[in-house]
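First to last, the protein sequences are chains A and B.
Each residue of the first sequence is one higher than the one before, counting from 1 in our numbering.
Each residue of the second sequence is one higher than the one before, counting from 1001 in our numbering.
Hint data in this document are derived by calculation from the structure and do not stem from the laboratory.
Note that the Cβ used here is the ideal one computed from N, Cα and C, for glycine as well.
Certain hints may be false.
[Unchecked claim] Listed below are several chain B residues computed to face chain A (Cβ distance under 10 Å; list not exhaustive):
1. G1027
2. A1079
3. K1276
[Claimed, not checked] What the simulated footprint calls covered on chain B by chain A, stretch by stretch (three residues with Cβ under 8 Å from a Cβ of chain A suffice, anywhere in the stretch; the number is not a length):
4. 1041 to 1052
5. 1059 to 1070
6. 1149 to 1156
7. 1351 to 1365
8. 1380 to 1389
9. 1403 to 1416
2 protein chains.
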Amino acid sequence: MALAKKPVTGMKDILPEEMQIRDYVTGIIKDTYRSFGFTPIETPCMENIGNLCSKQGGENEKLIFKILKRGEKLKLDCAESEADLVDMGMRYDLTLPLARFYANHANNLPSPFKALQIGSVWRADRPQRGRYRQFTQCDIDILGEPSHLAEIELILATTATLGKLGFSGFEIRINEREILKAMAAYSGFPEDSYENIFIILDKMDKIGPDGVEKELKESGFKEESISKYLDLFQMAEKGQTGIKAIESLCSRLSGFLEEQVGQRLQEIIESVEQTKEADFQMVFDPTLVRGMGYYTGTIFEIAIPEFGGSCGGGGRYDKMIGNFTGGAVPACGFSIGFERIILLLMEQGFQIPKQPKRTAYLIEKNYPAEKLCEVMKKAQQARRDGQQVLVARMNKNKKFQKEKLTAEGYETFEEFFNK
Amino acid sequence: MALAKKPVTGMKDILPEEMQIRDYVTGIIKDTYRSFGFTPIETPCMENIGNLCSKQGGENEKLIFKILKRGEKLKLDCAESEADLVDMGMRYDLTLPLARFYANHANNLPSPFKALQIGSVWRADRPQRGRYRQFTQCDIDILGEPSHLAEIELILATTATLGKLGFSGFEIRINEREILKAMAAYSGFPEDSYENIFIILDKMDKIGPDGVEKELKESGFKEESISKYLDLFQMAEKGQTGIKAIESLCSRLSGFLEEQVGQRLQEIIESVEQTKEADFQMVFDPTLVRGMGYYTGTIFEIAIPEFGGSCGGGGRYDKMIGNFTGGAVPACGFSIGFERIILLLMEQGFQIPKQPKRTAYLIEKNYPAEKLCEVMKKAQQARRDGQQVLVARMNKNKKFQKEKLTAEGYETFEEFFNK
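Okay, chain A solo, but in the shape it has when bound:
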């Protein structure tokens, strides 16, 4: 019987050092989000396979870990395809389960409902450095709030959390799906090609305007449309960031865009800028697309200079819950890049503030029982005083044991019988 010592492919064990940081970060996140009135909830890690494969998860639906049917339900003989073998799958995000949760429990929840979820999700991605097949997501969502109060609260809460974790000088980039669409319409692109155009636009960061132009041409779009389109982005780049860029862009797009869309975006930016706690900037970014097809309005993303790419994001998805309930429910969410934050803190050698004092009593091997109690009593008293106390047997290689404990921050005391 040869047992495997390694974790399963693409997943990892979390060692004490990292775990301490994860617990600390989780604590800050929960405390901060709770101060904004978000309530923790949990859903099972498994969902019905029909829900998971309902075309709301985009590419993630190809990465589902599926659960084999059990007992009589598994009919291997007459199974013709994978679908006959499975009844559930591991969730690939926390948004779809939240939509199901809300549809199931709306009557017992406050309106609006502010949910906080921290949980594992699974994706059978090709394993690569720093990306794992099981990872933690950390989402806040406001359900039942149609106004941009939702966006403002989500951004304030998320940035307050990042600030408390020591991040500063970052950006929240914001855009609107309605503006994305209006820009494409204004340029004269056919409506059924919008999604393809946005996929190309999404690469602006990496390939620049020339690259986007080239790819749009290669896709066979009209030169005139392409040049009108790129012109719009140039305008936004010419020193007109934030509020001003929105104003001039939206006035150009009038006829293609409802007036309130730009106004709402401006109000979000202004309200956040005036009440923010952390050190960051709101930036209007008309090239921001965000992949997931379910967004219907505002979209936003965190850009932290220390990271290459984004460190979380979100947006408004007013239609997803309707897929469960039939009736539309306004919804808006923000997901913080938990794993990237942990990775960065680990790389920076992050030290957790205000750690309790650590004391280790090392007990000689043949210490008599009645004396042992005295050491235990000392240990219990120190624990009552808030210390972290270890009572351990003295190893043969005492020096090595003490060195290791000292490295972990323990002050060690040796307890001999004949002392």
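Given chain A's structure and the hints, the job is docking chain B onto it.
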């Protein structure tokens, strides 16, 4: 596209009310165990199917949720049995993953290593009231400590946690596999029947000595052995609890039992009794069996009067890690009945102490953006002061909204434009 609103069969959504209690209990558990020097770790929720089905999980191995192979590895055409279709499974406990973890990382871990795990496990049990197919386990384990210091620390830490959660007047029942075996040997039962005898003995609680006698007879054991066996238990019942019962039982078993076994058990009981923080009793219980086949020495169980059965337990399992490493590693663990504790606290209408003040600002629908900032600033200030603050749009049915918020503990303020 009909999507399912309910969670998958046998699993449950956790609503805000329960989640608050779970988070509170988790916090107490982590803080208390940390004060005893236990370090949190995590392993993936999936394990290789070979590890899970290595006959260390007893009956639980029949309840594994299995993960379908993916991509090219899934060869449905030539699959002859379930085993050809799966490569991983969901963990059914936290002990087997811990053994794998320790085997994989021992070089980077202190010795002894005191691990704390709180995590979900999955068992495809028949759904029944109050038992779910996904549930939280909460284990502490001490690896690499051969002496009974491990048992003492585990029991002190677990009972301190229960005490901080408000439990009192409970019992820790303790026994030794070596004593169980010696009692069977003394009575003259054949060695290969011990496990069967222990399965019957395990029912003592429910069927009493007469029931055990009857079942042993029905299994065809010798009358003489049965009566010798039951005599031993009677002796322990006749007013001789704790230390005295161990002394007299072990002296009767001399020749079948190493002297140090009884002595060790006595020292555990004495040390715990003299240094315990919570209000509970140590009780020697020679009928305590504990199902899992992997225990090798001490076994113990929590009995809380409010519960029918046990509310957690554990013991020494010195051989399991050796299945991964080849060499034996002493190990001892204690699992606290997390789900049962939550259930009991919920039933008792448990109120979390020291909740922050809750304030809700309800904002009139067409509140202008510049005034909104003033409300947001008030909210931010209250959050800085440690309050939990909600800013929400006033619903059409304002009265109902306020009632709900009041029920959740919020003080509500209405914010009108023309005020």
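Verification of the hints:
no. : hint         : verdict
1   : G1027        : holds (9 Å)
2   : A1079        : holds (7 Å)
3   : K1276        : holds (9 Å)
4   : 1041 to 1052 : holds (count 10)
5   : 1059 to 1070 : holds (count 5)
6   : 1149 to 1156 : holds (count 4)
7   : 1351 to 1365 : holds (count 5)
8   : 1380 to 1389 : holds (count 7)
9   : 1403 to 1416 : holds (count 3)
In this structure, none of the earlier numbered hints is contradicted; all agree with it.
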